[in-house]
Each structure stands twice: as structure tokens, then as C-alpha cells.
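Trainee: Letter by letter, the chains look like this.
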Amino acid sequence: MSVPARADELGLIGCPVCGLVCRSDQRLDAAATALACPRCNTTLTRRKPDSCRRTWALLIAAFFLYIPANLLPIMRTASLNDIDDNTIISGVVELWVKGSPDLAIIVFTASIVVPMLKFLALGMLLVTSQRGSGWARVQRAKLYRLVELIGYWSMLDVFVVALLTALVRFSVLSRVEPLPGVIFFGLTVVLTMFASMSFDPRLIWDGRDTDD
Amino acid sequence: MGQASPASLLICEHCDTVYRRRALECGEVACCPRCRAVLERHHRLGVNSLLALLLTAMIVFVQANIWPIVTLGLNGQYSATTLWGMIITMWQQQAQVVAVLAACTLFFFPMAKMLMMGWLLWFARRGRRAPGFVPLMVGLHRIGPWTMSEVFVLGALVAIVKAHVYFEVIADPGIYAYAVLTLLITIFSGVDLRLLWDETAESPT
Ligand SMILES: [Zn+2]
Ligand SMILES: [Zn+2]
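As they're listed, the protein sequences go chains G and F. Residue 44 in this note's numbering is what sits at position 45 of the first sequence, and the numbering runs on without skipping anything. Residue 177 in this note's numbering is what sits at position 168 of the second sequence, and the numbering runs on without skipping anything.
Bound conformation, chain G alone (with noise of 0.2 Å):
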């Protein structure tokens, strides 16, 4: 057994929800159109259907809301003086300028490079398992699972704004609300955590050369 064998290959279907190991040519039942795991009814199919396209799609979407998401503010701070509307990047220079660059850091990491690190690594990932390329692939394997990973961690600012805006309630003196960017980051965020989900990881080992 020199190279270990595919399911595909083999005729088998890994349930994606139970894991159990399926025959493809199987049918339990004659009536049925679609095959279902037998232990979990859920709908097997060789590869998650349609993925490279919905992938595109979804990734596609978030890009269109996150361009909004970084120019348009995400809160405003309103006290006696002045009103201030702060946007992704000058929440993160504020906290570097206040004393707390390895909290800017952190929020830099997770508002900006997430999710940039996310739309090139996912637009990289199809554009290769759409060439069916041979290049890297246990580092792709690994970058998709970093994305992952990492992901949902891009809500952090969110949550900043939600519980600024829930705390600093001092009617006149100081007030913070929440403006329109945060909505569009937040879908971005969803979005981008749904094009991750719709991404087949074995379509990188699915190319026409063989690998190892």
C-alpha cells in the first residue's frame, strides 16, 4: 500500500455531519433521489455541491460590504464639546495612541487582517483547486484551516461598539452610538464565515496530477 487511497476512489462518501463511511453506489433506499447517511439522514454528496461558485459568490458579497465597513464610521462619541465618529482604523490608532499598542494590535489583527487574510486566502484556494494545481498543497490545506479557525474572530469590534454603546450612557455629558459601518462589518464577518463553510478543503487534493 504505497499511497493511501481516496474515498472517491474507493466509492465511499464521508458523512460530513456523523462521519460515517458510506458506499456511493448504494442505494438503502430504490425510491430515494439523493443519498442519505444512514445513520443521520443527512444528504451525501461527493463534494459539498456547487461549492467553488457559492464560495465565489459569498466572498464576492462580503468584499462589496467590507469596503463600507472600513470607510463609513462604526460609532460616534458624543459628549459637552464634541462629537467624534470613529471608523475600524482610527479605533485601532486611538488605542495605540492612548497607551495600549498590544490591545491595538490585537484589533488591528482581528478587524483587518482576518478578514483581508481571509479574502485572499479563500480567493487563492479556489482560484488553485480551480486549476486543479499540485502547488502546496498541505500548506493550503493548512492556510483553510487557519481561516477557519480564526474566522469569528473578526466580531471582536462588534462586540466593542455593542457594549461602548451600552455603557456610556451619561445623557448629555458622554454618549456613544453605533453607526452604520458596524452593521456592514457584522455582515461582513457572517459572510465571510459562510463562504469559509461553503469551501470544499478536498477540492485542493482533487487535481489532475498526482500528488506526493
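Since the hints were derived computationally from the structure, they do not count as laboratory data. Predicted, not measured: the structure shown is a model, and the values here were computed from it. Do not rely on the hints blindly, as some may be mistaken.
To be verified - Simulated coverage check for chain F against chain G, where a stretch passes if three residues somewhere in it have a Cβ under 8 Å from a Cβ of chain G:
| # | stretch |
| --- | --- |
| 1 | 25-34 |
| 2 | 38-46 |
| 3 | 133-139 |
| 4 | 162-168 |
Glycine included, C-beta positions come from ideal geometry on N, C-alpha and C.
Once you have looked at the hints, place chain F with the ligands on chain G.
Mentor: Relative to chain G, chain F with the ligands alone:
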């Protein structure tokens, strides 16, 4: 490999490679040699200790939700909030999307996850499948990535540091409850509940 029964096989969900299942030692993690993803892990904690941890997490979760998280002070005025106070404020401030996101990822999904896990583990103690086992296991799988309590804890920290410049900041018990909850969530993140499919026997329906 062709004649092996499917139950003795394991498919890497990240690269579709088929492996023969082998018994894992305590605490061992099996990785896919091709794509290096985790195939299967054997958790050190038994069902009973998981249940105990889960019960702790539920108590801490209730506290984290009813106790105020932080109090701000300005010229003798004080303002505090709980998680639900935050969600309601966001709704009233024309940020309903954020309110719904926060309510789902910080309250409804974590709560549903804990209740479902508790129900399943309670019956798994005697190797049985809980009523509604299949839909609950599928539900748990779907909710999986949508709970964000640990992100909220970091967000609270950032909010405290930001507010600290202008206000007097008093950390309330809710934030400590959240910190403990994060610790428990980290422990649970290493547990693959899919083992319950194999560890429990199908009860006659
Ligand atoms: Zn299944
Ligand atoms: Zn693999």
C-alpha cells in the same frame, strides 16, 4: 482495503483519504498524514467529568448573563450593563442586525449547545441514546462555529481599556463569569462529540 467493512474505516474530511481505524490511547490525537488535519482525538475526560464541567458551564453562563459586566463612572454618575442590556440597546439604536447577531452568537446558540450536550451526555452515561439523538447531534454540528462567547470576553477587555481613558471603570462579576466560561469553552473545544455516534448503542424505537 476493498473488503474492509465501512465501520472499520475513517475518511479524512479535509482531503477525502481513507484510513483504517485504530484504537487511540488516552489523550492521543490521530492526524491525517496527507493533509495533517486532525482525524480523531481521544479525550481524557469521561462522560461523567464532561457532564460535571457542562453543569459548571451552565451555572457560569447564567451568572454571566444576569450579572452586570462592567460599570462606568463619570462625575458620580454610574452606568452598568448586562449582556441583554447591550442587546436591547443595540436594537433601540437602529443596529438591529448587531442586536440579532449578538443575541444568537452570545446567548441562544451557546445556550442551545449546552442544553443539547447536557441532554445527550446524560443519556450517554449509561451508553444510551437520548430521545431525539439524531436531530440533536445534527443540530450541534450545525451550531458549531456560531458561538462567540470567547470573542465577547476579548471585546469586553478592549471596551474596558478604551473607556478607561475617559471614565472610572469598575469590573463587575459578570466579566469574571465570562472569563471562567471562556476557560470551560476552551476545554470543550477539544472534545469531539461525534464519538457519541459510536459510543452509544441505538435503542430500539
Ligand atoms: Zn451521517
Ligand atoms: Zn486529510
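Trainee: Now tell me if each hint is right for this structure.
Mentor: Hints and how they fare:
1. 25-34: With 4 residues close enough to chain G, the hint holds.
2. 38-46: With 5 residues in contact (Cβ-Cβ under 8 Å with chain G), the coverage given for the stretch 38-46 of chain F holds.
3. 133-139: Not satisfied, violated; 0 residues make the cut.
4. 162-168: holds (count 6)
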